[in-house]
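Asks: Sequence lines, in order, name chains A, B and C. When we follow this note's numbering, the leftmost residue of the first sequence carries the number 1, and every step to the right adds one. When we follow this note's numbering, the leftmost residue of the second sequence carries the number 1001, and every step to the right adds one. When we follow this note's numbering, the leftmost residue of the third sequence carries the number 2001, and every step to the right adds one.
Hints listed in this document are in silico derivations from the structure and should not be mistaken for laboratory results. Take the hints with a grain of salt, since some may be wrong.
Said to hold, decoys possible - In the BS3-like style, the derived pairs of lysine-lysine whose C-alpha atoms are separated by at most 25 Å in a straight line are:
#: 1; chain 1: C; residue 1: LYS2235; chain 2: B; residue 2: LYS1201
#: 2; chain 1: B; residue 1: LYS1160; chain 2: A; residue 2: LYS263
#: 3; chain 1: A; residue 1: LYS185; chain 2: C; residue 2: LYS2269
#: 4; chain 1: A; residue 1: LYS66; chain 2: A; residue 2: LYS151
What follows is the residue order along each chain.
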Amino acid sequence: MKSSAFRKLFSLFSSLIFLFLFYSPAQGAESSAPAWFDKNRVNVFIVLALFFAFVIYFINRAQKGKSLFVRRIPGLDAIEEAVGRATEMGRPILYISGIEDMDNLQTVASMIILGNVAEMAAAYEVPLLVPVCQPFVVTVAEESVKQGYAKAGKPEAYNPNNVRFLTSEQFAYASGVNGIMLREKPAANFMFGSFYAESLLMAETGFSTGAIQVAGTANIHQLPFFVVACDYTLIGEELFAASAYLSKEPKLLGSLKGSDLAKLLIMIYLVLGVLFVTFGIDIFLRWVFVQ
Amino acid sequence: MVTDLNTAIWNTLAAFLTFCIFSFLYKDNPFYKIAEHIVVGVSAGYFAVILYWNGLVPKLWNPVVKQGKWYYLIPGLLGLIMWTRFSKKYAWISRFSISFYMGIATGVAVPLYMQNFVIRQLSSTMLPVHFKNSVGFFNLLIIVGVLCALIYFFFSKEHKGAMGSAARVGIWTLMVGFGAGFGLTVMGRVSLLIDRVIFLKNYFTSIFGHIL
Amino acid sequence: MNFYERLMQLDRRWIYLGVAIAVTIPVLAPFKVPVYITPEAKAVYEFVENTKPGEIIFLAIDYDPNAMAELHPMARTIMRQSFSRGIRLIISALSQNGPGMAEQLISQISKEYNKKNGMDYVYLGYKPYPGITILAMGQNFRIPFPTDYYGTPLDSLPMMDGVRNYDDVKGIISIVAGNIAEYWINYANGRYKAKVFFGVTGVMTADYYPFLQSGQLLGLLGGLKGASEYERLAKQEGVATEGMSIQTVAHLVVIAFIVVGNIGFFMSKKKKR
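One chain only, chain A, in its complex shape (with noise of 0.2 Å):
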């Protein structure tokens, strides 16, 4: 099995090199009517046919159970010893999944990682405060949250109200998530998911009532925030990878595999065409050049 889908492979890169090969885009451009097929992109589809490519055989290699490493990511070991800190300190792990509903990838990613620090609160027998924001996030919350119970082996410790729906809008639920922190004291706040202006608010109020603070979101624009209120912050991607570690779950994993080998592919191409230019030849250049 594994020689055939290697074949497959190696079948669809030959025949990519020998288009690379014989086929130069920067040349011959000139026509802008309608077309089935703009010879211009062709760059663009054999990308993209090789990005799909990479993740479809990661999935498919994730479902037949083979084994695929994904570096820890050191995220975890803070998400842990925030978990550890507020044992200790006898005080509530508050997680808070973002303001975006459930069609929002970071949410997905959220729910995971909230399933797993649901475990470890199980399992340290630390309560786990979940304040949510969209109705629809609430159900998902509790079925996380139950589980995790439930794979501690404490199904019983669950408590429903712990899983509470604040508000869907925005600054209302900045407030009541402030309220939250500024009452029950909680030693370890979470926050991982889609974030907007309200992120400051919050990280701010954590850091004034003195929490270990770990965040992660993939909205750039609400990063350099966390970063400066938190102890640890899961930047852009890694809040994915962190998802995907934790639940190995095969599209997850195989996606990020596939990503990663997409990376690697584009940073070799990259230190080759500065290498080549830098001699004066763009052959590399010319290749990826978009008209």
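We have chain A; now place chains B and C onto it with these hints.
Replies: Structure of chains B and C alone, referenced to chain A:
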């Protein structure tokens, strides 16, 4: 500065609401709440009206009723079934419209994103490195920054040895970027304050300027 | 509690008061600060300056009133510069709460220069889903906008005669807040190869420099500083220029707080050890 009564009344209201919002800096209070709710209510109401007159009327009502283009009812129906999301039993029907929209949006966006945000950026990073002037050096800085940031987001290998050092440079590059973003955000937020302060100054000059 | 620890516990309201005082003083006692002109701001100015009278520029006013402070001065100055040079404008407003605000600005400045709707400018207004609207305008402005903002069919406006899509305008200047900017780069430039220039909020500025370097963006005005550069270039000094002195003082205060805060943080950490 002389203002007519109408403008003066509106400006007084605007100045009052500005102070209501500023009062939050001291403490949450009912004045802030009133102003906040007015903003949320006005923007939601305004958006509903805008959507009706700029979306529904010219894009569905006029084509179907005035121009007899009955096939516009198909997207209209796709829009209508989105309302089933409010029912637990029939919410699944809305998935037809969502999949239709997702399919088109993905088809349009993915190749263009790959082209404009990956390939185009890749080609613009292929810069010649030299030490004849500062440009060549800055090019090197950009290339090293891009490579190291990519290594930081590479999850298939442990960050140890050379890989670890490169990832560290990567995270420093990201932090410099975040610092720039943070600084510009401060500038943006101060600009909002400046706008309000200049507005208040003009307001007070217009009201009290001519009494004095 | 020692001095540094007390510094770390400082009520944030003192910081607000500090910034409020810093902002108020230059308003009451104004002074001027020099403004350094960046090449990316100059590129936008020169694009408008090199456009011939009678030619068309697409001006997109893609922001809500909450970004007015930073972006209105840019839109105002560019509109005045264009009208004073006899350049014709096609204007859109793709942000949901922006069309009324844009209309107000257009009617004010068109009156100043005695410009006629349909002859010297066309205001398309708003349509939902900016990405799809931008994509459709690449084929024909009439697809998303069969009529202008006031309900007049585009075909009956003399200025739109023979004007179909981005190919018929010299370039696009989008004064933009939020992710609409991405659509202009991805669709108008990426798909239809239109020349795109931006005026963006301070928060967004850093994100768009890579596109400037790659040539996907030909000019960039960033935040109030960008607006003040443009006002200075166009010799129309206004709110943004006035704001620069206030901004300078406010930044100095913020920097002072950052320095003091960091000293307090490190010293209290040292004490704890």
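Asks: Are any of the numbered hints broken by this structure? If so, which, sorted upward?
Replies: Result: no hint breaks.
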